[in-house]
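S.K.: Chain residues, written in single-letter form:
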Amino acid sequence: QQQVRQSPQSLTVWEGGTTVLTCSYEDSTFNYFPWYQQFPGEGPALLISILSVSDKKEDGRFTTFFNKREKKLSLHIIDSQPGDSATYFCAAPVNTGNYKYVFGAGTRLKVIA
Amino acid sequence: NAGVIQTPRHKVTGKGQEATLWCEPISGHSAVFWYRQTIVQGLEFLTYFRNQAPIDDSGMPKERFSAQMPNQSHSTLKIQSTQPQDSAVYLCASSLLGVNTEVFFGKGTRLTVV
Chain E
227 QQQVRQSPQS LTVWEGGTTV LTCSYEDSTF NYFPWYQQFP GEGPALLISI
277 LSVSDKKEDG RFTTFFNKRE KKLSLHIIDS QPGDSATYFC AAPVNTGNYK
327 YVFGAGTRLK VIA
Chain U
29 NAGVIQTPRH KVTGKGQEAT LWCEPISGHS AVFWYRQTIV QGLEFLTYFR
79 NQAPIDDSGM PKERFSAQMP NQSHSTLKIQ STQPQDSAVY LCASSLLGVN
129 TEVFFGKGTR LTVV
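In order, the protein sequences belong to chains E and U. Each residue of the first sequence is one higher than the one before, starting from 227 at the first, in the numbering used here. Each residue of the second sequence is one higher than the one before, starting from 29 at the first, in the numbering used here.
Bound conformation, chain U alone:
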C-alpha cells in the first residue's frame, strides 16, 4: 500500500498561470478530501468527494479553484490564474466511508507562485 500519492511534490508557477495538482487515493477508499496548509492559516478544508461525487466544496475559493474526480483512482485540483497568495502545501487525503474512520493524508504538493 503506497498510501495517498500526490504529484507533483513541488510546483512553481508564474502569476496568472494555471496549476493542476493530482491525487491518487488509497485503493478502496471512497472518501477523498483536499486540504490546504499554510503557516498563517494552518490546515484548511477545501473540498470532499464521496464515491466520486462532489459533496462539499465549501472551503474552495469560488472563482479560480475547481476540483474533479473523474474516476475512483484519481482526483485533480485545478487553480486558474494563480496568485502569490495561493502558495501553500495542498494535501489530498482519503478514507473509507463511515463515521470516525481514519483519514490518510498524502505528502502534499508544495505550490509556489512567483
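Pulled out of the complex, with its shape left as it was, chain E reads as follows:
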C-alpha cells in the first residue's frame, strides 16, 4: 500500500521566515496530492493541492512543488505568520477512485513572533 513519509516532525520558524515541509511517497500511479492544515481542536482542512501534471502550484503565501521523478512533494510557506502555527499533513491517494488517502505523520509548525 502507498506509504507517505513526511518531515520534519516539528519545526519552529521566526515570523517572516520561510517554512519548508517535505513528503516522499512510493506509488507514482496516482495523480493528486493534497496538503491539509489542522489547528488544535479542529479537523484537517484542505490547504492546497497539486496534480501530477504540474510541478508547482501557488496560492498566496503557500506553494507546493511536485517532483515525479524523485517521488517527492514539498510545501513552502513564505512570510510565515503566527497564525500559520498548526499541524500540516501531506496525503496521497491509494486507489483509483481517489476517495481513500494515506496521510503523512504530520509536521507541527510553530511560528514565533
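Careful, some of the hints might be misleading.
Think about it this way: if two alpha-carbon atoms lie no more than 27 angstroms apart in a straight line, the pair counts; the simulated DSSO-like pairs of lysine-lysine are [claimed, not checked]: (1) E:326 with U:43; (2) U:90 with U:43; (3) U:135 with E:336; (4) E:283 with E:298; (5) U:135 with U:43; (6) E:282 with E:298; (7) U:90 with E:326; (8) E:282 with E:294; (9) E:282 with E:336; (10) U:106 with U:90; (11) E:326 with U:106; (12) E:326 with E:283.
Label pairs and their computed distance ranges (CB to CB) [as the list claims (entries may be wrong)]: (13) E:255 with U:113: 19 to 25 angstroms; (14) U:111 with E:267: 22 to 28 angstroms; (15) U:138 with E:322: 42 to 48 angstroms; (16) E:258 with U:33: 23 to 29 angstroms; (17) E:238 with U:98: 28 to 34 angstroms; (18) E:236 with U:125: 33 to 39 angstroms; (19) E:281 with U:113: 47 to 53 angstroms; (20) E:298 with U:35: 38 to 44 angstroms; (21) U:125 with E:277: 17 to 23 angstroms; (22) U:96 with E:236: 46 to 52 angstroms; (23) E:242 with U:102: 42 to 48 angstroms; (24) U:31 with E:307: 21 to 27 angstroms.
Residues on chain U that point at chain E, a partial pick, calculated with CB under 7 angstroms [as the list claims (entries may be wrong)]: (25) 42; (26) 71; (27) 73; (28) 76; (29) 80; (30) 119; (31) 130; (32) 133; (33) 134; (34) 135; (35) 136.
Please keep in mind that the hints were generated in silico from the structure rather than gathered at the bench. Think of the CB as a built atom: it goes at the ideal place given N, C-alpha and C, for glycine as much as any other residue.
Starting from the structure of chain E, add chain U where the hints point.
M.R.: Just chain U, lined up with the frame of chain E:
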C-alpha cells in the same frame, strides 16, 4: 453552511461499553468518510459511503466497529465493547462525488475509554 457536524465532541466510556458517534455531512455531499486520528498512528481511513451505500470498509476493525448511513443527512459509527486502544479522535468527512474533489472534515469526536 455549518460544515460537517459531529456529535458529541467528547465522549468518555468505560471499558466494555458501547459508543455511538454521529455525523451530519454537508448538505448535498454524497461521499461520506470516517477517519481515526491518534498520536501514534496518525490519520487512518476507516470507511467510505457513496450515496449512502457502504463502498469500502477496509480500515474498520472487523469485530467491534460498524458504520451505517441510514439517510443522506447522517452517519453513525458504533464501537461495541470499547477498549482503551479505541481511544482516539474520530473524524467524519464529506465531499461531492467526483475525482479530486475537496474533502471537508468535521471537528471530530474525542473518544476516551477508561
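S.K.: Taking the numbered hints from earlier one at a time, note which ones the structure violates and give those numbers from smallest to largest.
M.R.: 1, 13, 15, 17, 19, 22, 25 and 29
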